[in-house]
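Peer 1: Each chain, written out:
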Amino acid sequence: MIRVQDLTKMYGDRAAVQSISFHINRGEIVGFLGPNGAGKTTTMRMLTCYMPATSGSASIAGHDVFTESMAVRRIIGYLPENTPLDPLMRAREYLTFRGKIRGLDRASRQAAINRVVEQCWLGDFIDRPIQQLSKGMRQRVGLADALLHNPEVLILDEPTVGLDPAQIRETRHLIRELAQQHTVLLSSHILPEIEATCQRTIIIAAGKIVASGSPEELKQRIREGSRLIAEVSGPKEAVTKAISALGGVRKVACESQNGWNRLTIETTQDSDPRESIYGLVKGKTWSMRELRLEQGSLEEFFIRITAEQSGTAREEVR
Amino acid sequence: MVARVVALTQRELAANFLSPVAYVVAALFLIAAGHLFMSNTLIEGGEASMRFMLDSMAWLLVFAVPLLTMRVLADEYATGTIETLMTAPISDVEVILGKFIGVMVFYVALLATTVAHVILLFNYGAEDFGVVTYGYLGMVLLGGMYVAVGLFASSLTRYQLVAALIGMALLAVFTVLVDALASWQGGQWRVVLSYVNVLHHFKDFSRGIFDTKSVVFFLSNTVFFLFLAVKVMESRRWR
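Keeping their order, the protein sequence lines are chains Y and V.
Residues in the first sequence are numbered from 1 upward in steps of one, following the numbering used here.
Residues in the second sequence are numbered from 1001 upward in steps of one, following the numbering used here.
Here chain V stands alone, though its shape is the one from the complex (with noise of 0.2 Å):
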């Protein structure tokens, strides 16, 4: 199995890096990331820590991650290579694990290049090395449901377009629009809502506190979507 798997993760790794979609999403985001740092923390009376910024690319990733999944399974429909694929003797589990491995290090190597600007805070601040730490963990763990979400997206159609898409509307459904909801509805629903924020999970890790119960939300989702891409891949064998 594990065999299998990391093939998978090295091919899906070589796409990535061979496919220019995914350099100008990395480069729009590093720069868009750039931009509000400079323009907010890397100013005078600036506060000398990654929350905004970290803030901020939790935001970003919304657009930036389901661009960066919406090829892994919609091309596999759309070259008809599912067909070697699925006719292989690898299960879906395998498939979709592989694929999401090789997505997350591709993902984990962009947040990598943005430790530059940890650097350069270093320089002109004294920063919680432990709350940059804690950060960082809380953008993998981000971005690993992230990712889940945008696999699951990507499962339910063979266009690139729409995938990015559904991947997009359903990040927003639990960032804006939950956000959006708590606010108009308040009261109980409140605390509902902002437990399905997963910007509001994310502040906690920015600020450098670890919070089990944020941990199992990001987990959970990751797993739970995963398993939602695994459950489309075989009902589309079924039409």
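The following block holds chain Y by itself, in its conformation from the complex (with noise of 0.2 Å):
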């Protein structure tokens, strides 16, 4: 349904997006995860033929972006970031006009207010005028808009911004319903927020994709990063050079207090001596209370990639 392919992006000399490429299927939701300044918006304007690639082409649903604009805009609903809005609208007027400028005829557009004031919850505050709503109603009236159409494909910059945790739970509802029939795409530089909503994350740091996939692939990739926990009863010394012994285990580190040793343990990549720490202690007189896998959260795989990232970035530019 979106298809990018080397798509590059220069403000002067400066890359802010860097030959990247990504597809994305028909009813897929995908997050676009990245720290702020990280080229997500601008691949979103791309996408939305607001701004014209420097290199690489872009296609939504067959439509080049760039040489079918109008198609491509016709199906699209976009959320850009912060929500722009005209203040002075009250928002059934917002809608009224977006409705208008969208070809939608009287009865038609009538029809798609009602149903997107249901879909976000605007019937509290859809006669007043813009400026006086609060920043999480304005987003809902930006989404609003963005769904009026029906559009095939829904671009998302920061959906939940400014939201409070009630409303924000609501709009991942939402976008998750919305899912069913629409394609989704949706930016975030909050990783929970990516992993409660999407199917398939991409993740991108100065410019660059990083790393993709589903959360679960995502956590996979960190088992690298992944610890043992072990509380072993017995001599401190021996403990650890027993399991330091053992296959698949990298190292050791040991604290102990009133008999037990609380041993934190580096695991070569791929091996899981949980089974081995286990047989190790059974056959001697110790004794064992815990032994577990402490994984690596997908908050610091992604910090850790990140900012490698745009270490090395920084270091190009030098």
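Hints listed in this document are in silico derivations from the structure and should not be mistaken for laboratory results.
Some chain Y residues near chain V, calculated using beta-carbon distances under 8 Å: (1) C49; (2) Y50; (3) R73; (4) R74; (5) N82; (6) D86; (7) F97; (8) G103.
Non-contacting residues of chain V with respect to chain Y, defined by C-beta distances greater than 10 Å in every case (computed): (9) Y1023; (10) A1048; (11) M1104; (12) Y1124; (13) D1128; (14) Q1160; (15) L1181; (16) V1191; (17) T1212; (18) V1223; (19) V1232.
Ideal Cβ positions, reconstructed from N, Cα and C, are used throughout, including at glycine.
Using the hints, build the complex out of the two chains.
Peer 2: Written out as structure tokens, the structure reads:
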């Protein structure tokens, strides 16, 4: 549905987006994750025909965003960053105006407005001037505008920024619901946000894609960062030595208190020596009261790879 | 296309009627025009024609129109609504055209209120109805060009004040500057410079002369500046 090939955007000498490629299937809900300034908004602006790419190509539903801009604009719903709205209009007037420039006639416009009012819970403030609305309400008006023409593809730039926790949950729920009939690309710099809504995540940092996959696949990739925690009673030296000697163990750190040794065990990649540790302890006179795998969080992974990327980017600039 | 342009026109009109700036500009313009009318035409021995007032209005509009148009595109850039507009299935030409017509409707409404002076004049003297009609036709054509220049100025920047100043400066070139240059240079230049002098063209209308040359001048300038505004909008995407 969305196909991006070697897309690059230069601002002067600085590359905001550097040769990124990805593909999103119909009905997929994909999260675009990256720190601020990573190139998320720039990519979305190119996809929505707001600005042309410096090189590379992108197409939505087979229409090239550059040569068939009007066809693309008709099938996308776009919620820009910070939700720009005309503050002097009332929410209903704004949606009516947007319906008109989208070419909806009076009857279908009315039906569409009624639909999005329901979908985005605008009922309480639809007739109030936009300048009196809170950030969360504006966000919902913007989302309603993006949904007005029931677009095939939804592109949402930071859709839950500024909402309160209850609204965030409702918005996530709404986005998941929408994904049944629409293809959704949403961006965020907050990881749990993406984890909660998306089937697939594309992590972007310093204008490049640094990782992509389902949350499970990404978790798989961070296994190397995980550790084992074990608490074993017995002589500190002997315990540490015996465990260090096991296959798959890279490094052992030990803290002792009241006869218990709390061991933090770093493993080599793709190995899980939990069973052999249990076997070892069982064969001795020691006892064990804890043995668990501490999985690195997606958060840690995200921070690590984005930090690495911006580190190299800074060096390239130098 | 028509429906989309009309939608934009309506929105532009609503924005003008909701904005305090438009009312302030309209009020100041009418006070100034009214004062000039009272102190020059509506006096003992004054000439019973709208000529003086219309000529002065053409002058006042150099400052009034850019204040009406400064918001139109600059504000879209400042608030970011340009992004929702330009990702909707609407072309740049439609955007400029819709906004132009919106401001023009407001301008014509403003102009219509000055008809009060005409009625006053009819009460005191026998005025030529034809001359007045041509005068107002000239005002509409002149206004079209001013609004187009103002829109072009507004497309250049996101700061309304800057847009207003650029608009006034451009219009000043077409009025004051060419006039000054003509009297300074003289000779052949005088002919060329007087051809681009807006007020010079307008004087035909306010005297009741219908000159095709002047009509072409106003219309072609209007189209030219609207075209420039479209091009500026297009080019802003590339930055």
